[in-house]
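Chemist: Residue-level listing of the chains:
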Amino acid sequence: MAPAILVRELRKSYGSKAAVDGVDLEVPRGSFFGFLGPNGAGKSTTIRMLTGLIPADSGAIEILGFRMPEQELDIKQRIGLVPDESLLFDRLTGAEFLEFVGRMYGLRRPTARERARGLLDLFQLQADRKIIGEYSKGMRKRVAMAASLIHHPDLFLMDEPFEGVDAVGARLMKEILIDQVRHGATIFLTSHVLEVVERLCDRVAIINNGRIVTNGTLADLRSGGESLEDAFVRLVGAERQMERLDWL
Amino acid sequence: MIAAILRAQFLSMRMTGRRGALFSFITGIVWYSIWTAVACAVWFALAGAEATTLGTWVPRGLLGICVYWQAMPILSASMGSSLDMRKLVVYPVPHGRLFLVEALLRFTTGLEMVMVVAGGALGVLSNRAIGGAAGPRTVAAAALFILFNVLLASGSRSLLLRLLSRRTVRELLVFFLLLLWMAPRFLFMTGNLRATANRLRGFDSAAHIAALPWTAAADIALGHTTLVALLSIGFWTLLAAWFGRAQFERGLRFDAVAAQATPLSTGLTRVQSLAETFYRFPGAILPDPLAAIVEKELRSLARTPRYRMIFVMGFSFGLMLWLPMVLRGPGSHGTLSHHFLTVICVYALTLLGQVSYWNCFGFDRSAVQIYFAAPARLNLTLAGKNLAALVFIYLEVGILVGITSALPVSFGYGQVVETLVVVGICSLYMMALGNICSVQYPRGLNPSQVAQGGASGRFQALVILLYPLSLIPIFLAYLARYAFNSEVVFSLVLAFAGVIGGVLYWIAMESAVETAIKRRERIIQDLSTGEGPVASE
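Chain order of the listed sequences is A and B.
For the first sequence, the numbering used here gives the first residue as 1, with consecutive numbering after it.
For the second sequence, the numbering used here gives the first residue as 1001, with consecutive numbering after it.
Simulated from the structure, these hints should not be mistaken for laboratory data.
On a predicted model such as this, the values are computed, not experimentally measured, just so you know.
Think of the CB as a built atom: it goes at the ideal place given N, C-alpha and C, for glycine as much as any other residue.
Heads up, some of the hints might be wrong.
[Stated by the list, open to error] Have a look at the derived ranges for each label pair, beta carbon to beta carbon:
hint, chain 1, residue 1, chain 2, residue 2, range
1, A, G106, B, V1030, 54 to 60 Å
2, B, L1469, A, E175, 44 to 50 Å
3, A, D166, B, G1028, 45 to 51 Å
4, B, T1277, A, E9, 51 to 57 Å
5, A, H183, B, V1169, 47 to 53 Å
6, A, D166, B, V1169, 32 to 38 Å
7, A, G106, B, V1169, 38 to 44 Å
8, B, P1287, A, G22, 55 to 61 Å
9, B, V1030, A, E175, 39 to 45 Å
10, B, T1277, A, H183, 52 to 58 Å
11, B, P1287, A, A2, 57 to 63 Å
12, A, E26, B, Q1272, 32 to 38 Å
13, A, D230, B, F1025, 52 to 58 Å
[Unchecked claim] These stretches of chain A come out as covered by chain B in the derived footprint (C-beta under 8 Å, 3 or more residues):
hint, segment
14, 53-62
15, 129-143
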């Protein structure tokens, strides 16, 4: 069976700056994959290329055995996306938005409506007439994740899914994701919260300056007895003493 | 601090794409060229006028400028750039300085009127009856009058924005303002001309006695009762400064989000049930995902404060402009009277353009990603958005037919059908152009902001130049009807225009989709990017 994600020599530049510089990546099906890197390392750009939101300058992308961009629609049909920027329509209620997303993914209307109601309950979102524009940041993340689940995708691409979510919401979301992996889905997520990655992911890749600096199981990465944080800091070359400012 | 704000704004604007900058530059050139011509005309007219003519027309002209300066931003729903207080209020900047920047922005919003005042001042100075010696006096009068207008505009803008942010007040207020604007024109056009003129003369005398700002400014410029006039305009300017500052302070403490918040309720009221039926209707006749997109658009737009306001303006503004001409009497505007319904409906179509089809992804902002991420073809997205716009356009037409049937304007079923067809064909051409504009010049709009985010005055000026192009086929159909005096020829040309419009729409759609796929990264970026400390028009 083809891997969930297979990327070869992926490149993307903005002017003279290479945001993604020859990335090779293989994510096995059924894995919980953490994609880490410091700010500006190229994580979001990679996810955006995987989802077809931006074109790659060069390289090959294969998702669930389908080639991007040739089989773009087949890929989109099978992935659930939680982007860094909100993809929510502010003037719809949570229920209306979830139903809309379901229908965009080809679900029949009664099915979309029923799943929307179920997801609202699952994510503990109120089923009132409140529009998304009035939601808190955590609620927005929850409804975005609910939307990514509605068509029951095989692969989830998530950019900072826990950002701004409270402890209760984060726990709920984690349980749902673990359950999805248990049922055969693949999860590819970026997060700056290394504790979350450490608890959830079985495989990790670290990107720095647009290049993959390590890729393997979490156990391999911590084989020297290092914590994930120590390994991360070492691999991205950020081990320097904090300079003190006289005036601070 | 002001320099820091302006620099931050400059740096924010630097990130705008070259296409957008070029587009703004061209529309700016067109808009200000028109007003330069007006200012020059005023200059030459006043330079050659007699003293008595100046005494009569300068105060009236200044009154007109004042009305335009204060009312036009409201009527065009484009209140100009303003400070984005959410971003600035956290810093320890004295409110007085923020107000100064806000006043400067009001100056830029009324720049065309500054040009006309400058033209008028040059005209007065060039006039032999007044003489060059009146230079300092005239310049002082012009400066004080501009200052008065800037401060008054600042205050009225803050006040109106707060009022327009309230859910139940917004549409009523727009309607009331339009009626207020319409009333004098209506009276003038329908009543006895001489009686109206006499009443206006009486108003002129009263204006002199009360020493209103435009009269005072005119008196100073022309050398009449200078001291009284100076005291008067000084008083008015101080009053405007107090009003502007007080309203600005209240605006700083105003929570627009709370004012627009949805009342908590789980059940549906009767009105909400009706609305729900309206939203669900496309689903009954269209397949998904097209139906889902149309339904989403209907729901979103109906809840967007700015869209609702423009919708109200769509059917009231046309009536305001054209009805007085029709009611003036038979014979005076026979052709207009005959085509009244069609004219006001096409006018409504053009007004809705700025929030419907010229920038159809504007209100989606960063959520536009979903159209590129979901497994639905982009032409369905554009078609869905166009269909939703068409639903609102025909809703406008329905309202206008209802209102017109209650007015003493005669029209039959034939004209209703003609209007429906003409509006449909015009929509084809405008949406064809609109789809291309939407992917070439996308711009994020804040759906919660009532007055910010639509087309600016300059954009509207360009659109006014573009509209005749898209209306040419319809114009040719009417020309054919006039030339051949035949309904059959008219219908044939109209049908031909419809076919050509359909082909054009299809070609434009293909082109727009191709462009959107190529530019998807830029489109998402343009629609997701926040603005600087100054929220532009």
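Chemist: Taking the earlier hints as the rules, which of them does this structure contradict?
Modeler: 1, 2, 8, 9, 10, 11 and 12
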